[in-house]
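So the sequence lines, in the order shown, correspond to chains A and B.
So for the first sequence, the working numbering puts the first residue at 1; every next one is plus one.
So for the second sequence, the working numbering puts the first residue at 166; every next one is plus one.
The hints are simulated quantities; they were obtained by calculation from the structure and are not laboratory data.
Note that CB positions come from ideal geometry on N, CA and C, so glycine has one too.
Please note that a few of the clues may not be correct.
Claimed, not checked - Computed footprint of chain A on chain B; a stretch qualifies when at least three of its residues, placed anywhere within it, have a C-beta under 8 Å from a C-beta of chain A:
{"#": "1", "stretch": "187 to 195"}
{"#": "2", "stretch": "202 to 208"}
{"#": "3", "stretch": "219 to 230"}
{"#": "4", "stretch": "241 to 249"}
What the hints assert, rightly or not - Just some of the chain A residues that point at chain B, by a computed CB distance under 8 Å:
{"#": "5", "residue": "LEU20"}
{"#": "6", "residue": "ILE34"}
{"#": "7", "residue": "VAL36"}
{"#": "8", "residue": "MET37"}
{"#": "9", "residue": "ALA152"}
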Amino acid sequence: MHLVLFFIFGGLCVAGALNLLLQRHPINSALSLIVVMTSLAVLYLLLGAEFLAAAQVIVYSGAIMVLFTFVIMLLNAGREEKTHGSKAAYIVGFPGAAAILGVLAYIFLKQSGNLGSAKLGEYLVTTSDLSRVLFRDLLLPFEVTSVLILIAILGAVALARKGHE
Amino acid sequence: MVPISYYLVLSAILFSIGVGAFLIKRNIITVFMSIELMLNAVNLTFVAFAHQWRHVSGQIFVFFVMVVAAAEAAVGLAIIIAIFRTRNTLNVDQVDLMKL
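Excised from the complex, chain A in its bound form (with noise of 0.2 Å):
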């Protein structure tokens, strides 16, 4: 069962960020984002993360995913004009990041038998626990990301503002 989910999941996870990487019209790419994001929600629950699918699904494909695609409609985004961009990321860049997973996910797979295995529903972290440690231990990062929030709300309003005088 849990297999099964995980592969669904995770196939449309993938499925979303090619489609991300294929698609030339930024609208088209802010969807597949958010199926990846869903998704990812999902894959959380699996991990028993109940709190971070929960924020995961009202932070990420609710607030900033509208955010984006607000934006999009706002500036009348069109279609990608095919250029041909910079060579050094057609020749450094894709080796690269294929050497990149290469590498993870050989060292992931040998270890596979050192990491364990998770199980549905065997490993739960309630609200209740994320919270007792949030508010307990964690109390003064917490209180200073609202003043890197207010911050940033500030420098967005300052920003998009129209005119400089």
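We have chain A; now place chain B onto it with these hints.
Below, chain B without anything else, positioned relative to chain A:
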């Protein structure tokens, strides 16, 4: 039962696709989206290791990454809007003032 290594390989695949998209996409918004894809791939690694070590810290880390990603998306999209206002283009090849 799914080996943890499958999750790690999946996140490596997503990360590599993100790197590839970052390198070949010419639209600045799509480049930004591939950064989000890479962040998501790393988050999956954190959750997988948190499951393996039975430790909450990995999930806390993902929570903070999400917060930072939200702030980064807001500021980054504001920068994109500012670029579009001044240069009237979204193509990264035409925004090359700092290129040698």
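Here is what the structure says about each hint:
1. 187 to 195: This one holds; 7 residues, not fewer than the three required, reach chain A with a Cβ under 8 Å.
2. 202 to 208: Coverage by chain A holds here, the residue count being 3 at a Cβ distance below 8 Å.
3. 219 to 230: Holds: 8 residues of the stretch 219 to 230 of chain B have a Cβ under 8 Å from chain A.
4. 241 to 249: holds (count 7)
5. LEU20: holds, 6 Å
6. ILE34: violated, 10 Å
7. VAL36: holds, 7 Å
8. MET37: holds, 6 Å
9. ALA152: With a closest approach of 4 Å, the ALA152/A hint holds.
Violation of the numbered hints given earlier is confined to hint 6; every other hint is satisfied by the structure.
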